[in-house]
Amino acid sequence: MINLTINGKTVQAPDGSTIMEAAKANHILIPSLCYLENTHAIGSCRICVVEVEGAKTLQASCITKAAECMVVKTNTDKVRNARKVLYELMLSDHNKDCLSCRRSQSCELQELGKMLGVEESRFEGDTLPCIVDVSVSITRDMSKCILCRRCITICNEIQGTSILNAQNRGFKTVVGPSMDLAIGAVNCAFCGQCTVVCPVGALMETSSTQKVWDALNDPKKRTVVQIAPAIRVAIGEEFGYAPGSRVTGKLASALSDLGFDDVFDTNWAADLTIIEEGTEFLSRVKSALTGGKAVLPIITSCSPGWIKFVEHNFPEELDHLSTCKSPHAMMGAVVKSYYAEKIDVDPKDLYVVSVMPCTAKKFEITRPEMVNNGVPNVDAVITTRELAEMIRTAGIDFVNLPDGEFDKPLGLSTGAADIFGVTGGVMEAALRTVYEIVTGRELPFVQLHVTPIVGLDGVKEATVKIEQVLPDYSFLEGVEVKIAVASGLKHARTLMQQIADGNSPYHFIEIMGCPGGCITGGGQPRSSDPDVAQKRLEGIYDEDESKVLRKSHENPSIIAFYKDYLGEPNGHKAHKLLHTHYTKRGVYNQLDEDAATQVPQTPVEEKPEVEVSPMAVQLQKRDITGAKAQQDISAVHAGALENENTKLKDELADMQKTVETLKRVVSEYSKK
1160 MINLTINGKT VQAPDGSTIM EAAKANHILI PSLCYLENTH AIGSCRICVV EVEGAKTLQA
1220 SCITKAAECM VVKTNTDKVR NARKVLYELM LSDHNKDCLS CRRSQSCELQ ELGKMLGVEE
1280 SRFEGDTLPC IVDVSVSITR DMSKCILCRR CITICNEIQG TSILNAQNRG FKTVVGPSMD
1340 LAIGAVNCAF CGQCTVVCPV GALMETSSTQ KVWDALNDPK KRTVVQIAPA IRVAIGEEFG
1400 YAPGSRVTGK LASALSDLGF DDVFDTNWAA DLTIIEEGTE FLSRVKSALT GGKAVLPIIT
1460 SCSPGWIKFV EHNFPEELDH LSTCKSPHAM MGAVVKSYYA EKIDVDPKDL YVVSVMPCTA
1520 KKFEITRPEM VNNGVPNVDA VITTRELAEM IRTAGIDFVN LPDGEFDKPL GLSTGAADIF
1580 GVTGGVMEAA LRTVYEIVTG RELPFVQLHV TPIVGLDGVK EATVKIEQVL PDYSFLEGVE
1640 VKIAVASGLK HARTLMQQIA DGNSPYHFIE IMGCPGGCIT GGGQPRSSDP DVAQKRLEGI
1700 YDEDESKVLR KSHENPSIIA FYKDYLGEPN GHKAHKLLHT HYTKRGVYNQ LDEDAATQVP
1760 QTPVEEKPEV EVSPMAVQLQ KRDITGAKAQ QDISAVHAGA LENENTKLKD ELADMQKTVE
1820 TLKRVVSEYS KK
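Numbering-wise (the numbering used here), the sequence shown opens with residue 1160 and increments by one.
One should not assume that every hint holds.
Said to hold, decoys possible - Here are the in silico distance ranges between beta carbons for each label pair:
id	residue 1	residue 2	range
1	A1184	E1283	36 to 46 Å
2	I1718	L1448	21 to 31 Å
3	D1478	P1603	24 to 34 Å
4	Q1171	P1603	22 to 32 Å
5	K1732	D1478	17 to 27 Å
Unchecked claim - Calculated cross-link-like contacts (lysine-lysine; reagent style PhoX-like; alpha-carbon spacing at most 25 Å):
id	residue 1	residue 2
6	K1232	K1452
7	K1370	K1380
8	K1232	K1183
9	K1232	K1215
10	K1243	K1379
11	K1379	K1507
Hint data in this document are derived by calculation from the structure and do not stem from the laboratory. Virtual Cβ for every residue (Gly too), placed ideally from N, Cα, C.
Turn these sequences into a full structure, and let the hints steer you where they fit.
Right, dumping it as structure tokens:
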């Protein structure tokens, strides 16, 4: 421990602490903007400056190490005035359409202004053009960007995808993909982690709420909604509940009050996924152990961000993926076939909405593979945040809602389905079923939890030995099944590189695109609580343990579905309805030429009418495939090089403008 003085008080802090960490440990608040605990500390915004005795200038507390006998002052006139000037400079070139911004009332820049007592900005600077880059999943509005670079850190260091970086120089600096490409034109996985950490409205999920309102108000449509497992332990945070609070019943009631005709639970389809994926796993293992040519390891396919990532980065390894659709896509397919027949409604008149913790799901439903008989499995995806917005818009008092229930027959689920929302959950759910089917006994772990794969570590592994099997599964006797679990695309890359190099030791791998799994998905509520993922994880496991049925193959509704409609797991009808295939993609989002000619095209989600950069229009509207894609990419490179000369010529002018602005700041500051 080190001893230092903060605001006249002698305090202690762990060795290696920054001034900000030392202050927080002693309940002293230092305002900040770019800082993210345990993730991003670069001191770029300078809002966290403090006075340090002996230092010639104010120091950024998020990156300055606390030292023995250091004397720090966090609340002097000099500090307060500096913070105000810095804040006003941020506002000088910021888009100030706050009343119409979707982040209004949840904007960190707005909150900081209240804390600092800033009522107006004395400075006027050039603002970036209001050019909005809209993809099916994520919308970028650089007129609102404050260059905190949080998104760059999350994209590069946490996810390891390196899509977002600082482009250009000086006042022309913007954050985005290289060469001013649109985010939909590069190999972005649409994980949405950038939208979670963005403090303002510069990075947001592309809203689908109006589409859903339109469907709810259309008398010709029967609206069906489903919710993912992770929603029930997160949406409460939008209404004042602690992270991890289970609000499943209130959620069902809220969806009914919004006007949906049928309120179903994606958990039902998660149980269905386990039956299909477990059967597929056993089939591949049997083939591999008996001299067949099955591809192992088999890898889960629930996470659309992960799927898009592997299609871009490891296109030659797609055979390792399970062919199962994700649970919400399975649910959509079942609703528009089995359920449509059951209630005698034309599938085209059913409008299926998925409430997901994930921005990549918005992309997933536009995939040509997610269509059966010319009808898309799912019509719209809204995130947890978007659903909370709709509940508030409708004037629903969420906290005081009674606990409702999901509608039958697609609302009954087991605890195994609940744990789909956390990293390791899909694997554990599969093992609960596969082990019992093969041996006739329960999975030999306390509370059915496979301890080595429980928790938030990026990569986890375990070995499950199969012994005393039933006669039909003699090929598995004595086999040690090696499993691995990864969450976050950076860790996914590690496991995929092993496979690409030919030295993967595993039989079965679960991969989730977001760190921690769906509980921290790109569409989940934003939180400054560093323990939010752990709290949501605990809520998910509590939900699981509260269920009477905790194994997917015990779900009576699933059993009846196979008996009455589907037939056998992995059968012909199941494959037609519930399984899919994948597409080889390249670095710039072009398709493999052969795959592009084989995959039928379907309409994609309608995008809002906004101003889009000419290059974005050029790349997004063209059919970027094969050789044509290479021509487009070459043209982009040539254009980028040509533009560089102009940028360099402007640099001296930019530097002069910077000097003039700094002179004005010094002049204003001196008057204080």
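Hint check results:
no.: 1; hint: A1184 with E1283: 36 to 46 Å; verdict: holds, 40 Å
no.: 2; hint: I1718 with L1448: 21 to 31 Å; verdict: holds, 28 Å
no.: 3; hint: D1478 with P1603: 24 to 34 Å; verdict: holds, 32 Å
no.: 4; hint: Q1171 with P1603: 22 to 32 Å; verdict: violated, 46 Å
no.: 5; hint: K1732 with D1478: 17 to 27 Å; verdict: holds, 23 Å
no.: 6; hint: K1232 with K1452; verdict: violated, 69 Å
no.: 7; hint: K1370 with K1380; verdict: holds, 12 Å
no.: 8; hint: K1232 with K1183; verdict: holds, 14 Å
no.: 9; hint: K1232 with K1215; verdict: holds, 14 Å
no.: 10; hint: K1243 with K1379; verdict: violated, 55 Å
no.: 11; hint: K1379 with K1507; verdict: holds, 10 Å
Checked against the numbered hints given earlier, the structure breaks hints 4, 6 and 10 and satisfies all the rest.
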